[in-house]
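> Listed here are the chains, written in short residue letters.
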Amino acid sequence: MEKLRNTEALQSLRNELLASTDRDKSCVRICMTGCRAGGAEKVRDALREEVEKQGLGDEVDIRETGCQGFCAQAPVAVVDPQGILYRQLTPKDVPPIVSETLQGGGIVDRLTYPDPQSGQKIPYERDIPFYKGQQKEVLRNCGIIDPTNILDYIARGGYSSLEKVLGSMTPEDVISEVSKSGLKGRGGAGFLTGTKWGFLRNAPGDEKYLVCNGDEGDPGAFMDRALLEGDPNSVLEGMLIGAYATGATTGYAYVRAEYPIAVENLKIALTQARELGLVGRDILESGLDFEISVKEGAGAFVCGEETALIASIEGKRGMPRPRPPFPAQSGLWGKPTNINNVETSANVPLVFLNGADQYARVGTEQGKGTKIFSLAGKIHNTGLVEVPIGITMREVIFDIGGGVPGGKKFKAVQMGGPSGGCVPEQHLSLPMDYGSLEAVGAIMGSGGMVVMDEDTCMVDTALYFLAFTQVESCGKCVPCRIGTKRMLEILTRITEGEGKEGDIELLTELAEGVRDTSLCGLGQLCPSPVLTTLKYFRDEYEAHIRNHECPAGVCKALIRHYIDPEKCQACLICLRNCPGGAIEGGKNIIHFIDQDICTQCGTCLSVCPPRFDAVKVISGEPVPPTRPAEERVLVRAGRSSR
Amino acid sequence: MSRDEALSLLEPILERHQGQQDALITMLQEIQEVYAYLPEEVLARLSRETKIPLSRIYSVATFYAQFYLTPRGRNTVRICRGTACHVQRSELIAAAVEDTLDIAEGETTEDLQFSVEAVACLGTCFLAPVMMVNDSYHGKLDAQKTRAIVESYAQPKKEP
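Going down the list, the protein sequences come from chains S and F. Using the numbering used here, you'd call the opening residue of the first sequence number 16 and step up by one each time. Using the numbering used here, you'd call the opening residue of the second sequence number 9 and step up by one each time.
Everything labelled a hint here was simulated from the structure, so no lab data went into it. You may find that some hints are simply not true.
To be verified - Label-pair restraints from in silico Cβ distances: (1) F:N142 with S:E74: 35 to 41 Å; (2) F:Q152 with S:S133: 31 to 37 Å; (3) S:A644 with F:N142: 47 to 53 Å; (4) S:Q69 with F:Q152: 36 to 42 Å; (5) S:E469 with F:K148: 17 to 23 Å; (6) S:Y139 with F:A112: 47 to 53 Å; (7) S:P340 with F:L120: 47 to 53 Å; (8) F:A112 with S:G98: 45 to 51 Å; (9) F:E49 with S:N164: 42 to 48 Å.
We put the CB at the ideal spot given by N, CA and C, even for glycine.
With the hints as extra help, turn the sequences into a complete structure.
Okay, structure coming up:
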């Protein structure tokens, strides 16, 4: 690729690309990031081969894209220009797609998405409820373009915001435009990006740093991963505009090493941008010098905290330090530094694409624009969604997410990972923005939403998150290092049936202490899962402590697996699969579990055929006595008369 | 491979990062890429060459989950303990793996065939509960499926 001399050269490259694009040409877009885990590579290979075999090599493009969002249906492919979505593909599904759709223009019905309620097939992507409720702005290219080809991004209007900024705006104009847009940081803290940039701009010194935080450590969150994998240039463009506005000369993109595809695609984007002269010295002859390097994290949740992240980039243990001084005064190597989250950076080009006023038209008073959420847990449509800030949780979970599968009842949604809280059903109609979620004890956070149903124990959930933060606590400050440990001990005791009166009060006191006195955000927010579950599900805690009962049937020490003799069909399946050999019985002899041997592993429950439904979980009451041997001989209805 | 030969693999890494003040983590990542863990002798040499105190190298190596100070198994089983997997009962998957290999999380089998570790989140929540064996994802697991998958990676025992 030839280096672009100036903004005009970039413009004419874009015009050329647009002129040479054939919008009517068939194109199969196949997700090659998240869907890889679902076998997308084999489908792609089969597709390439079959297209050649049927002589369509010149007439069909096969484009490997980033995440298309509908992860629950992986692997997913969309045939353009019609926009037909095929899902859960395997290589053997490829020949009919090529012959019937690409050759014949028809639809392969069995591969299209069925509406879960009516069962009716919905062939077009745009008609599927999961997509209909969304507003894809930041993700506008994700799943559409080939993220490893910068020209795809440019053809879709990419780098035109940079062009506008460099060609016609002063750095001060840029900052005031970002401030006017109301854009807030998407990483969790929700600080106004324009204000942050202003701090860096006004900090004294020539050497300034801009860091993009891609250390997405919340379990159950994959927004930044999708952006880095599916549209890395939008993140780079946001960083470049930030560099121009703030006067930063060097950039770092810090990405979790657990995201190999994100690292790979970002590095490819960076190499291509450098070749085109969009990163480096005197970018587009504007006088802007900005170099970006990629830093891979090494596995520490606390590195998502900005001062810890700075220490990690410096090659040290990623431990936070007190603020002030804020990074904008003294950050990386003691120089003024801004840290922007991946999604924030990807929002920046949008502000300039249509102007701040247009950008601020979406959202609420407290939060402008859209937000990306990752949906996971007990929900039909696990995946990645982008919605206007201010939409209700109910709309996201039930309309877009399709609700809770298996006819189970919704219990809570955990927002914002280990730093966030559990929101119960009564608050589902709240708008999702920065203020209203905080009011109920949760945060918008980075955007992870994990749905829990009636089979989820909330005490166990609190224990789970606290176990995570306790391990990830860096150990620097006492409240977090020791407080989380003591809280974990109490929670463990409760789930093991050893809880005592006063535990709830002690836990609350400790949680509030850790919240109010920890050094960094990790410590201050880690009691949130405990505090919100205590607030909304106190009865579950009390059941564990007073009745030694786990109402959801999860906490192993408080449950017993039991085979209902009325329902057992003596099919031997559980007996053969029990890893501990705890099940007794035989052919035509009703099975029972020896409670002295059983480890409550749940294998019998998962293998018992649903039509028998004989294995039960009992909690808070004694297991009924085992029937004597002579009463356990199975008399099969109807068979004896034959 | 002799001891000197083994240590010589460090040379290109040292050369690449000469004089870079921020390269310690990157160097450790590259060392682990070559040796599959961080051998003590290599770290001692790294300390001598870079003048970074061994205590500081050790403090960094033990801080980050990615680094190992002991040899690893030929196969690595990573069990996802993310929130989505947790609510889909990932503890049953962990139990099945531990039971099959007779080691606990964080351990390596004596024959160096398997290492088992828990990871906070693999980011493939739609496959929950999920685990990775080496570079392959295995999703929507139950205990039985897990056992079969782990066993399929085991090398057959040689006939005596």
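> Starting from the hint 36 to 42 Å, judge whether the C-beta atoms of Q69 of chain S and Q152 of chain F obey it.
holds, 40 Å
> Do Y139 of chain S and A112 of chain F keep their Cβ atoms within the hinted range of 47 to 53 Å?
Check passed, 50 Å falls within 47 to 53 Å.
> Can the suggested window of 35 to 41 Å be confirmed for the beta-carbon pair N142 of chain F and E74 of chain S?
holds, 38 Å
> Given the hint of 47 to 53 Å, is the C-beta distance from A644 of chain S to N142 of chain F inside that range or not?
At 49 Å between Cβs, range holds.
> Range hint 31 to 37 Å: satisfied by the CB atoms of Q152 of chain F and S133 of chain S?
holds, 34 Å
> Look at the Cβ atoms of P340 of chain S and L120 of chain F and judge whether their distance stays inside 47 to 53 Å.
The hint (47 to 53 Å, Cβ to Cβ) holds, given that P340 of chain S and L120 of chain F are roughly 48 Å apart.
> Is it true that the C-beta distance of E49 of chain F to N164 of chain S lies inside 42 to 48 Å, as the hint says?
The hinted range 42 to 48 Å holds for E49 of chain F and N164 of chain S, with Cβ atoms some 45 Å apart.
> Determine whether the Cβ-Cβ distance between E469 of chain S and K148 of chain F falls within the hinted range of 17 to 23 Å.
Holds: the Cβ-Cβ distance is about 21 Å, inside 17 to 23 Å.
> Can you let me know if the beta-carbon spacing of A112 of chain F and G98 of chain S is within 45 to 51 Å?
holds, 50 Å
In terms of the numbered hints stated before, the structure departs from none.
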